[in-house]
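Peer 1: One-letter residues, chain by chain:
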Amino acid sequence: MCLAIPARVTAIDGMMATVEVAGVSRKASIHMLDDVREGEYLLIHAGFALSKVNEEEARETLRILEQMGGLDEGSLG
Amino acid sequence: MKYIDEFRNSELARKVLKEIHDLADEPVRIMEICGGHTHVIFKYGIEKMIPPQVELIHGPGCPVCVTPLERVDLAIDLAWRDNVIFTTFADMIRVPGSKSSLQREKARGADIRMVYSSLDALDLARDNPDRPVVFFAIGFETTAPTNAMSVLLAREQGLDNYSIFSNHVTVPVAVRAILDSPDVRLDAFIAPGHVSLVTGSRMYEFMADDYGKPVVVSGFEPLDIMQSIAMILRQRREGRCQVENQYIRAVTPQGNPLAQQVVERVLEPCDMRWRGLGLIPGSGLKVRPEFSAHDAEHRFDIGSLPELEDPKACDCGNILRGAKMPWDCRVFGKGCTPEHPIGACMVSSEGACAAYYNYGRHNLAPR
Numbered sequence: 001m002c003l004a005i006p007a008r009v010t011a012i013d014g015m016m017a018t019v020e021v022a023g024v025s026r027k028a029s030i031h032m033l034d035d036v037r038e039g040e041y042l043l044i045h046a047g048f049a050l051s052k053v054n055e056e057e058a059r060e061t062l063r064i065l066e067q068m069g070g071l072d073e074g075s076l077g
Numbered sequence: 078m079k080y081i082d083e084f085r086n087s088e089l090a091r092k093v094l095k096e097i098h099d100l101a102d103e104p105v106r107i108m109e110i111c112g113g114h115t116h117v118i119f120k121y122g123i124e125k126m127i128p129p130q131v132e133l134i135h136g137p138g139c140p141v142c143v144t145p146l147e148r149v150d151l152a153i154d155l156a157w158r159d160n161v162i163f164t165t166f167a168d169m170i171r172v173p174g175s176k177s178s179l180q181r182e183k184a185r186g187a188d189i190r191m192v193y194s195s196l197d198a199l200d201l202a203r204d205n206p207d208r209p210v211v212f213f214a215i216g217f218e219t220t221a222p223t224n225a226m227s228v229l230l231a232r233e234q235g236l237d238n239y240s241i242f243s244n245h246v247t248v249p250v251a252v253r254a255i256l257d258s259p260d261v262r263l264d265a266f267i268a269p270g271h272v273s274l275v276t277g278s279r280m281y282e283f284m285a286d287d288y289g290k291p292v293v294v295s296g297f298e299p300l301d302i303m304q305s306i307a308m309i310l311r312q313r314r315e316g317r318c319q320v321e322n323q324y325i326r327a328v329t330p331q332g333n334p335l336a337q338q339v340v341e342r343v344l345e346p347c348d349m350r351w352r353g354l355g356l357i358p359g360s361g362l363k364v365r366p367e368f369s370a371h372d373a374e375h376r377f378d379i380g381s382l383p384e385l386e387d388p389k390a391c392d393c394g395n396i397l398r399g400a401k402m403p404w405d406c407r408v409f410g411k412g413c414t415p416e417h418p419i420g421a422c423m424v425s426s427e428g429a430c431a432a433y434y435n436y437g438r439h440n441l442a443p444r
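Chains as they are written, first to last, in my numbering: chain V, 1 to 77; chain Z, 78 to 444.
Just chain V, with the same shape it has in the complex (with noise of 0.2 Å):
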């Protein structure tokens, strides 16, 4: 029920967007976020933006992954 996918923005008319999720378009209302721009990465749910995604914050999330699991080579543990 609590589903939200990530799209990206491809048009913006007021408060209407345009997003794309795996080459499908759809639109988007962007009243409940302030500035969003073309490019950005969206989380929609029901038809409504509620949040953006965050790039750096992803990939620092994809940095501590990467480094799991390394407890029985020594340094911690």
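All the pointers check out, no bait thrown in.
Listed next, the in silico DSBU-like pairs over lysine-lysine satisfying Cα-Cα at most 30 Å (straight line):
{"hint": "1", "chain 1": "Z", "residue 1": "125", "chain 2": "Z", "residue 2": "95"}
{"hint": "2", "chain 1": "Z", "residue 1": "183", "chain 2": "V", "residue 2": "27"}
{"hint": "3", "chain 1": "Z", "residue 1": "183", "chain 2": "Z", "residue 2": "363"}
{"hint": "4", "chain 1": "Z", "residue 1": "125", "chain 2": "Z", "residue 2": "411"}
{"hint": "5", "chain 1": "Z", "residue 1": "401", "chain 2": "Z", "residue 2": "389"}
{"hint": "6", "chain 1": "Z", "residue 1": "120", "chain 2": "V", "residue 2": "27"}
{"hint": "7", "chain 1": "Z", "residue 1": "95", "chain 2": "Z", "residue 2": "79"}
{"hint": "8", "chain 1": "Z", "residue 1": "389", "chain 2": "Z", "residue 2": "363"}
{"hint": "9", "chain 1": "V", "residue 1": "27", "chain 2": "Z", "residue 2": "363"}
{"hint": "10", "chain 1": "Z", "residue 1": "183", "chain 2": "Z", "residue 2": "389"}
{"hint": "11", "chain 1": "Z", "residue 1": "411", "chain 2": "Z", "residue 2": "389"}
{"hint": "12", "chain 1": "Z", "residue 1": "79", "chain 2": "V", "residue 2": "27"}
Rather than coming from a laboratory, the hints here were simulated on the basis of the structure.
Chain Z: place on chain V using the hints.
Peer 2: Just chain Z now, with coordinates in the frame of chain V:
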């Protein structure tokens, strides 16, 4: 970066799994509150990859599942009111009320339409100015701002024929009710990432501060959930008890203030009955009197609702609180299946019973 494939990478999954296995030194019961997480856990078989001492308990975070019988009955009643177009998310269409479902009533001729968004319901109201359009508003904090926004837009655009039937519920009050249950033993929580887009991760601080439970706000890709499990195990290993945010690419501590303002403007707390959990004071959201013209319960003059008991055969209440597992229920997979659900947890694909059933865990009793 597309923010999907990167978080399904099998090489990274092996690293996180190793971390989980290294950290899992004692039995731990972790509740994932959100039904979306339950669905992903089963879809990717995460519960089979982690060590058996790490037990995942499935929480009540499925709004479809917790909407009580009498409110489904009322939806059906509204759908048959004079000239009404009744709109609903697809999730609710098959949910049984006490006698029927919206799907069955649609087959009998009620004008019930499935929509993807409350914006679609607004379009219908615009295209059918002579007919009342009612939107079946359900969901947690994620969905409440979208449906509240539709009321503001209806007012702004003069769509006087549009109203919502609000059945919104909120996470913290229900979680507190579960934490206060004497028969539920839970050690930590995976908190719902998309609720947190709106509310922020700060909302869960009472769980760590008042109840001493580690909480990790998690995203919805398999690597997100696995990393969240590892973060919980690390908190326990290090004797910490905090709210941590795994889903930093989308969730902030303070959430989305604009969305919070929209909810605050249109909706106010009310007592709500939950299927399986009973009445939880202050756990629901209803339309504020200022917007009563767009409140279906006001507009169609609904009296007080009866309190209908869940079907006796079901053990939904205990399953939704994490006190029992689906296979502990005597009708699970027998009288109660996704095609013919009796109880709440089997109705939605995000319900614990439906997840167990759909992903083949019919008769698995790991004891």
